[in-house]
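Novice: Following the hints, complete the assembly by docking chain F onto the known chain E.
Residue numbers (my numbering), protein chains in the order written: chain E, 1 to 413; chain F, 1001 to 1413.
No lab work stands behind these hints: they were computed from the structure.
Be aware that one or more of the hints could be misleading.
Taking beta-carbon pairs under 7 Å as the criterion, some of the chain E residues facing chain F (in silico) [to be verified]: (1) S3; (2) L11; (3) K94; (4) A230; (5) D353.
Every residue gets a Cβ at the ideal spot worked out from N, C-alpha and C, and that includes glycine.
Residue strings, one per chain:
Protein chains: 2
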Amino acid sequence: MQSLPGFRDFLPNDCAARNYIFNQWRTTARRYGFVEWDGPVLEPTELYRKKSGDEIVGQLFNFVDKGEREVSLRPELTPTLARVIAAHERGFKKPLKWFSIGQFFRYEKQQRGRLREHFQLNCDIVGESDFAADVELIALCIDTLRAFGLTEKDFVVRISDREFWTDFLRQQKLPDERWEEILQAIDKSEREPRDKTVERLGKLADPVLAILTDGGRSGKIDQLVDGLGARGLAGFVDVDVRIVRGLAYYTGTVFEVFDRAGKFRAIAGGGRYDNLIAQLSDGAVSMPALGFAMGDVVLGELLQERPAAREKMETAIRTGNTVDIYIVVAKEECRADALAHVQALRERGYRVDYPLGPEKVGRQFQAAEAAGASIALLYGDEWPQVKVKKLATREEILVPGDKILSQVDSLLK
Amino acid sequence: MQSLPGFRDFLPNDCAARNYIFNQWRTTARRYGFVEWDGPVLEPTELYRKKSGDEIVGQLFNFVDKGEREVSLRPELTPTLARVIAAHERGFKKPLKWFSIGQFFRYEKQQRGRLREHFQLNCDIVGESDFAADVELIALCIDTLRAFGLTEKDFVVRISDREFWTDFLRQQKLPDERWEEILQAIDKSEREPRDKTVERLGKLADPVLAILTDGGRSGKIDQLVDGLGARGLAGFVDVDVRIVRGLAYYTGTVFEVFDRAGKFRAIAGGGRYDNLIAQLSDGAVSMPALGFAMGDVVLGELLQERPAAREKMETAIRTGNTVDIYIVVAKEECRADALAHVQALRERGYRVDYPLGPEKVGRQFQAAEAAGASIALLYGDEWPQVKVKKLATREEILVPGDKILSQVDSLLK
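Here chain E stands alone, though its shape is the one from the complex:
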């Protein structure tokens, strides 16, 4: 019996790493005043078709359920956000600052950093057209990565503005129906041979390539970079007009986050999508919005690769799975008294483990070390005194059994 291809089991250390990532995500988003929400992992397929057209269906984990409904495991959160916002926005003060941590699915060919499921942090600001929201969102994205011990040497946020290009295309009098094709060619220009890009761009090849070489500037992007600079975050961003992001629904600021060394796929990406909520709600609700998503897979690879970040993660994994106290039952006659203390210490909030059956004392101390306990309490010949051993220093003291709680408090608090 095997698990399905592209799906992960999370053994205790993997799960502790996952919890570490979720904790940093959650803590940072809350520091920014974002509140958590979530949607279902299964949605009507129509929700995604409506946003992205029929071609998206080829990449979905979709099926027909027993009630003849076309349903999909969610590939992304934004359509669900639009649905929930359209139904409930009246109950909330604007702007909404919402985040979510959940699992997403795609039926794709497997490759490095790209499974069939992954976890994502999604952060969105809804109901604010002011540019300050763009700064706030990108600052959150940066600080989320900084929370893992990553620095400006490790990653960069490449920022662009869709309007920079749509203004340009309008100026060049390119018919609307060809915009998408040109934007795609720009998006792909970094990864494709120049010939191919020139061919795709056609008559626009010269002016577009001039901008791509020169870097291109726009007042709006400058303002964005200034806003991040005022927060001390300028070192984390590069203006890069080649970033247009494949998705058609972005309307303004767009950004992608990469490792500086360019070794991995994008760590995160997002932008402004001012028309999407109206489009998905058939015009019932129209609100400006922007957001980003960050996955756990590429991030996890980067954390493994950067020494300071890896050490921080490994410490969190270690402490996530340790106990505070291990109870050593040296004489079975003492087991009942030992168990009463197990219960009392757990009720006090300590993490406590002990041997479920009779076991040699030496092996119990091995188990105490393996469980990462700070102290071991030994119940044996000394009872009604308890031998308290600090495992790091091997210091031992004898404590009367009825004083054990206060003694443990003073050792561990």
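Specialist: Using the frame of chain E, we list chain F on its own:
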């Protein structure tokens, strides 16, 4: 656009309630020395068919994926546990004490307390046949519910022993192939009219009904109750031999948790399944095991209904979504300085919010109250001094801008 029937959206307050439940689950399991793990939400359908036979498939969210695989959204965790244990047990010291928090799915008719998805805490001990493991597991189940502020007045663990009945059936010389049928009749005896039970039991009606009326005792159950009594938990348990649990794979201790008033469905249930890992791994690995599962839906209903537990949950919901500090920008000229403090305070770990655009001061204070901030910092005419206002007492003090971090520390720490 609607969500699918039986699937929940988690708006911020719902999500905070969910996080509260997960946190209590996780904290209590860790106090017991359990470590967290998880499996995929999608598994081969065969994994469930193998454990529960073809009839289970009728209740599954199952489908054929694009690679022609028969797959299912997981209805429960135990088969995944058996698969993971069979593959990885050699890497871990026994007994394993593992817990998991995840989402599970069934394609069922909707009814109160029973959606098509729910979240479950699963706790299992693998590799320990000693009865002490049964006590440890049930104690954890009880303490998990106590962590929510529930008491012995609110819930009861009804404990039985499958072997009590299998010994009895063996003694009655009932052929093995009829055991399941009789155990089902006992399981249903509480919910069905007596006539029906008598009919199902056939020749065994008299002795079985005598036991059910009398209560029946077994040395093993007594030992279990004594073990829980030694931990001060006897008041939470009732011996009840009518509990056999429908699932065929239980081999020893079985238990179910109900609200004392008998108003809701089971809150949790579990037992010992010593043969299941061998069965699911085709004999590759044979290990005694026991576990329980607790869902979020019935638990959530009970927490809403019991005043002390509800208040505890509501406090957690409130504090989960609040900020510590709200920054009031009274003069736009001060915005850049205010934003520098926003950044510095967030980097210090505080939860900080502020208005993204120009806003009347009164409305900003309203937003501060709505966000549950403890203090507001006002940047206006007083700059380079900041007006610090404690929102609970409306006390105000002026603090030099460069002293704001230490001032906030002393107010909030």
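Novice: None of the hints should be skipped; say for each whether it holds.
Specialist: Structure-based check of each hint:
| no. | hint | result |
| --- | --- | --- |
| 1 | S3 | holds (6 Å) |
| 2 | L11 | holds (6 Å) |
| 3 | K94 | violated (10 Å) |
| 4 | A230 | holds (5 Å) |
| 5 | D353 | holds (3 Å) |
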